[in-house]
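Undergrad: Below, each chain spelled out in residue letters.
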Amino acid sequence: MARKLPSVDVVLVGFGWTASMLAQELTDSGLKVLALERGTWRDTPTDFAVTFVQDELRYYYRKALFQEPAQETLTFRNSASERALPMRELGSFLPASGVGGAGVHWNGQYWRFLPSDFMAQSHNVERYGAGAIPDGMTVQDWGVTYDELEPYYDKFERLCGISGKAGNIKGSIQNGGNPFEGARARDYPNPPMQMTYGPTLFAEAARQIGHKPFACASANMSQPYTNPLGVTLGQCSYCGFCEKYGCGNYSKASPQTTILPVLMRKPNFELRTGSEVIRINHDKNSKRATSVTYVTEQGEEFEQPAEIVVMSAFILHNAHLLLTSGIGTPYDPQTGQGVIGKNYAYQIVSSVDVFFDDKIINPFIGAGALGMAIDEFNGDNFDHTGLGFIGGGYIALWNTNGRPIETHPVPEGTPKWGGKFKKAVAENYLKSATIATHGSVMSHRGNHLDLDPTYRDIHGRPLMRMTFDYTDNEHKMSDYLTDRATEIAKAMKPREFHAKKREGHYSIVPYQTTHNTGGAIMGSDPKSSALNRYLQSWDLHNLFVMGASAFPQNPGYNPTGTIGALTYWAADAIKNQYLKNPGPLVQA
Amino acid sequence: METFDVSRRKLLSAGLGLGSVVVSASTTTQARSIAGAVPWETDQASAPLDALAGASPPASFFTASERAFIDAAVSRLIPQDELGGGAKEAGVTAFLDRQLAGSYGKARTWYMQGPWSEGTLSQGNQSRLTPAQTYRAAIKAIDSYCQNTFSNKTFAKLAEGEQDEVLTHLENGKIELEGVKGKSFFEALLQNTLEGFLSDPIYGGNRDMIGWKLIGFPGTRYDYRDYVSKHGEKLALSPVGLKTNPQD
Chain A
62 MARKLPSVDV VLVGFGWTAS MLAQELTDSG LKVLALERGT WRDTPTDFAV
112 TFVQDELRYY YRKALFQEPA QETLTFRNSA SERALPMREL GSFLPASGVG
162 GAGVHWNGQY WRFLPSDFMA QSHNVERYGA GAIPDGMTVQ DWGVTYDELE
212 PYYDKFERLC GISGKAGNIK GSIQNGGNPF EGARARDYPN PPMQMTYGPT
262 LFAEAARQIG HKPFACASAN MSQPYTNPLG VTLGQCSYCG FCEKYGCGNY
312 SKASPQTTIL PVLMRKPNFE LRTGSEVIRI NHDKNSKRAT SVTYVTEQGE
362 EFEQPAEIVV MSAFILHNAH LLLTSGIGTP YDPQTGQGVI GKNYAYQIVS
412 SVDVFFDDKI INPFIGAGAL GMAIDEFNGD NFDHTGLGFI GGGYIALWNT
462 NGRPIETHPV PEGTPKWGGK FKKAVAENYL KSATIATHGS VMSHRGNHLD
512 LDPTYRDIHG RPLMRMTFDY TDNEHKMSDY LTDRATEIAK AMKPREFHAK
562 KREGHYSIVP YQTTHNTGGA IMGSDPKSSA LNRYLQSWDL HNLFVMGASA
612 FPQNPGYNPT GTIGALTYWA ADAIKNQYLK NPGPLVQA
Chain F
841 METFDVSRRK LLSAGLGLGS VVVSASTTTQ ARSIAGAVPW ETDQASAPLD
891 ALAGASPPAS FFTASERAFI DAAVSRLIPQ DELGGGAKEA GVTAFLDRQL
941 AGSYGKARTW YMQGPWSEGT LSQGNQSRLT PAQTYRAAIK AIDSYCQNTF
991 SNKTFAKLAE GEQDEVLTHL ENGKIELEGV KGKSFFEALL QNTLEGFLSD
1041 PIYGGNRDMI GWKLIGFPGT RYDYRDYVSK HGEKLALSPV GLKTNPQD
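Chains as they are written, first to last, in my numbering: chain A, 62 to 649; chain F, 841 to 1088.
You may find that some hints are simply not true.
Claimed, not checked - Computed list of lysine-lysine pairs in DSSO-like fashion (alpha-carbon distance at most 27 Å, straight line):
| # | chain 1 | residue 1 | chain 2 | residue 2 |
| --- | --- | --- | --- | --- |
| 1 | A | Lys481 | F | Lys997 |
| 2 | F | Lys1074 | A | Lys554 |
| 3 | A | Lys420 | A | Lys273 |
| 4 | A | Lys124 | F | Lys1074 |
| 5 | A | Lys562 | A | Lys484 |
| 6 | A | Lys273 | A | Lys477 |
| 7 | A | Lys273 | F | Lys1070 |
| 8 | A | Lys641 | A | Lys327 |
| 9 | F | Lys1023 | A | Lys477 |
| 10 | A | Lys551 | A | Lys561 |
| 11 | F | Lys1053 | F | Lys1070 |
| 12 | F | Lys1074 | A | Lys481 |
| 13 | A | Lys124 | F | Lys1023 |
It is worth saying that the hints were derived from the structure and are not from the lab.
Bound conformation, chain F alone (with noise of 0.2 Å):
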């Protein structure tokens, strides 16, 4: 028959660490031993890196070109118009432009290991390309389309209406692209102008909070607990971000 030995000398032995964190992290791991206490430390806290100060990373992906090419198309998904600034007038260029410089674009957190294969559409992304490298292919190509299907333009020098056509058929899988998928590109340039759109302005995007203004969004306020009985009133609140207000 088992049985088990918990003995008071085991029980001590493992007191020792009673009334202050035991934190062992040796030098080769990162791995840590927490015992006795909780670990908490003053003055930490897992801001997000672009709301510290000095963080405004200059333009650092896209090529002219490609800043044209993107100003035009996020210009017809989201357009300025009689109810304000669009997606260009929101940033969502600069926006995108350090999304695809940084983790995202690398797809630093995907499954990247081959072999690689079509799927079906319920298998979701099989792409072996980055969103960066998706992006690079895609507006060379979309402009190449554009130059042989347009008297040599490029998609930014085209009539809105020629460059509401060249997305349609983009978003519909009508346009055959060299080495990259024109829908899921559409697709990824579309979540990405939401995103843009309607983020924190700390990311570049929804400059002067016209995204969360156009459609009444307070923003990253965390008490609401004085409004949840006016049911049906408007409240125009002013937004708030995490690291600015627009009165500022």
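Same shape as in the complex, but just chain A (with noise of 0.2 Å):
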């Protein structure tokens, strides 16, 4: 029987990114905020120090730093017609535990979506006719515009010290920057960082074929950094130990470098670690979640009552966390009906590797978010017309690291042991690089997350159940963007490349990013989407779900800086309207 505690005003579940930027927002209202993680506390002298925290076996490949399947996954299938199997291990993506979350091993790519990603429905549909969303594609409007966001990408950039240069600042086109970028009301707090050689390689032949490469902006410091809240961030020391592990420099930007120094002094703030939220607790008459069930890491069960409950764990958390509670409708891929689970999508990337013969790239000297781009070929930044895809991603030479059990690219036919191999690894380690490309992945009818019908959690809840592969769509895009690379990698005039496709079914097994998108998605329409354009719940109008669990189809680009702004834009929504009238923030 769970023991029931004093009320607060809020209480967040779980405690990464968007939760550290809630609370601290909603404690400057004045309000009483509890944190509830069900990982530990971890600091950057204590646990990602400069004297261990460079090591690959640890972070990596023993994952020291996410979620561990024995306590938390879920089962996967490409289609309803298979059965689905649990994720036993980790590989395709990597949820985090603990605080901080996912903010402590990201990269740092830093990116706003374009003002037409936010229009995906409308915007291609009057650009190109109905036509161009084939039977079962599900993308949907946002319910929000890149212009009403803008204020709150730029809040997010200063919180993080985002090193770049602008390619559009009110409409003006800046040399340097990404042209293709939305309107930005000023630059990035700071310069780009300092390019290797591999990304400057990348550039010099973009630029030859004519494209228009700009230094990727960085949430690894290009200079020391104190944010608008006074915590001051070190510069990169490009080390190339970021994705995957927590920074030992304070360079990468993360709640533990930006916010919390400042948060956890804050009287009305509490965090409670080691208390996992198995239940948000909710009364169908008065439209109002009323508390959430936690269990400790002992097994004690209390029952948090709070005026707000804020969702603000990882995606998939989310998703689970309604389907669980038996908040909205679940959806249904049959009928398409219902939302909860709905338009689940994720990330097609695809490489090209060169290899040279003349050039010491040193791929070792690195950053999570240092590399050249080029953007012409992302969303709807090209004419469409005749390619029988929508969509599109940017294509980047990143140099984040030549970490060696990871990083040692052979060339195409290298078996991959004996003396061939190790001989082909020495030759290529400091003279190879990689092309990567990024590409959106459209919502599909089959494309869904629901409950288990068979598997377990330690908790004893169904598993959440993934139901996820490529369409037509998202293959022909990727084709398209890898063509485009290949011919960039052509021009840098290596020995030799080697182009690897995305081919064939999704896999759970390789990694590949920890993009995941929907599940809870924004919208207009109460029949189509979970959330409300402030990412308030259509059914409990205290409740509000933060993170890519909104994406109602998922863009080009990275997610965090847009699930930053949309983080800012509900917290304005909650302390200047919401507090002031507690109630639906939109009418259905």
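Dock chain one against chain two, each of which comes alone in its own frame, and use the hints as you go.
TA: Given below as structure tokens:
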């Protein structure tokens, strides 16, 4: 029997990026805020120190900072005709556990989405006609526009100290930035990072064949930076241990390096670690969430009432918790009715390795968001007439790392082991680089999340079941991007290159990205979305759901910038609208 | 109309811990309440267990015959040659021994609940065996296969060409083994061998950093700011590890 605790104003479920940002904003408004985190406390000097964090085996291959499938996992199948089976070990994506969430172990690749990305349905129909959206593709508009989010992107960029170069300030195109980005009010707070050799060669080649390369915006600091909260980050030292690792140098924006030193000292904030929320309790009559039930690591159960409940865990948990708590109508792929679990999407990636005889790249001098990119083929930056797909992606040469277990490209045809393999690794390690394509995934009627009928988690709840595969749209789009990347690879004049297209079914085995999206999507109609434009549940007006679970489909960029902007947008709505008049912020 | 009661009294009571860390942990739970300050403690670090003084566990997983198999197999996966030592010389057998005796070998973090079913390639590993159980069963089955196929010789006693043939058949799924999938075992062995050859020496492999020296990886350095602008230059930085450097 759960012990009932005194009520708080706001309870946050999960304590990563979005929870930290909301807690900072809502405590500023005088609310008493409690965060519940299933994992442990983590800080830079104790948990990510430079004396031991550069450890590939421990952090990536033995997965020290991530969610353990033994504690929480899901089942997976490519289509409804298959039987879903558990993801027994992590692979394709790496959800986190612990304070800071995935914000601890991200690369720091920072992007805004395009204005047209927020209107994927209406924009494409308007430009290409209704036939542009094939049967079964369930793309939707977001219910919020780029222009509305622009000030909130800006605020998140200041919090993080993003290093980059604007491409479009108030409609005026800027040399050296991304000319395709939406108009922004002002430049990034820090200049771009210093560029290493590989991205430099990519940019030269891309420019030669007529593209407009730019330095990628980065949450790794190009110089020391003090953010508006007064928290100081250090200059990045290019050690090449970002994604899958915590930063030992206070150089990568994360909750720990931007917010927690201020938030944790506030008298009206409390964090409980080792406390996993297993249910959101709600009252259908009053359309309110009443409390959350959580279990400690020792199995004690508590009920925590709150005036406002915010789901701020990773998207897969948000969707799972909505489903297991019986909030909203579960999505049914047969009828297309229902909303919870709808429009699960991901990212489609491919690559082209380039190998040089005469150029020493030194891949180990790197950073998670150090790279040059082109954006000619993202979103609707190019004419899709006759191509047979919508969407797109960026093409970049990131110099993220030279961590040798993970990064040792070998030419096409090299055996996977033996003397020839060893020789190829030794000859190419210092003289190779990889061009990456990072493509959008449109939502599709069959791709969704629901509850598994067979498998259970440690709390006895059904595991979530993921049904997902790439459709023709994604394969055509990714092939198109890979061909464009190959043209740049050739212009780099390497000894040889190796294009790796993304073929066949989506597989949950090899690591791709942790850019899972959807399941509790935002929109303008409760029949087709779980949340309104302020990330407020249509069903329970005091329930807000943060994160990429709100994306109706997944554009061709990394998600964190938009997650940050949406969080500040929602925080603003809670502070300035909801607190004054608690109730639905949009009338259905 | 609902309103929020953010009373001054509430805020004051929430502020009792101001200025000091309030960490309450009852004896019955590991859950912590943290309020009022950053709960940073001096002299605490989450260092890897293997790097701590005296941490050099004796061999504890492989039997003598299993060790002979692993020595032979990893020598074919990454052989000693004119470029230098291979996986065996790098201590990969000792690395695997420690990994399989530890939490990786026990699949401590994996979801290991049934029911068990084969699945598609996209669905990933569905074996109910832990890595330790897989190694034990596969080595026994492969030795048994070799004895039947090569006049009663175990894998370790075969000529190098014969060993390569067996490994290739395993890689291609052409050998049926009793109770374990040969292809899955091969993939785990190859991956774990690369890990042992290229991970930090504190884990028992990459002895004298020969894996890192072979390719030119400078190890666990964390500040390359002086080198970022040296485009195309061979830097010849000798590698350093978490605990040692090769000159020590």
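Undergrad: Look at each hint and say if it fits the structure.
TA: Each hint tested on the structure:
no.: 1; hint: A:Lys481 x F:Lys997; result: 23 Å, holds
no.: 2; hint: F:Lys1074 x A:Lys554; result: 20 Å, holds
no.: 3; hint: A:Lys420 x A:Lys273; result: 23 Å, holds
no.: 4; hint: A:Lys124 x F:Lys1074; result: 32 Å, violated
no.: 5; hint: A:Lys562 x A:Lys484; result: 25 Å, holds
no.: 6; hint: A:Lys273 x A:Lys477; result: 37 Å, violated
no.: 7; hint: A:Lys273 x F:Lys1070; result: 24 Å, holds
no.: 8; hint: A:Lys641 x A:Lys327; result: 23 Å, holds
no.: 9; hint: F:Lys1023 x A:Lys477; result: 14 Å, holds
no.: 10; hint: A:Lys551 x A:Lys561; result: 14 Å, holds
no.: 11; hint: F:Lys1053 x F:Lys1070; result: 20 Å, holds
no.: 12; hint: F:Lys1074 x A:Lys481; result: 24 Å, holds
no.: 13; hint: A:Lys124 x F:Lys1023; result: 24 Å, holds
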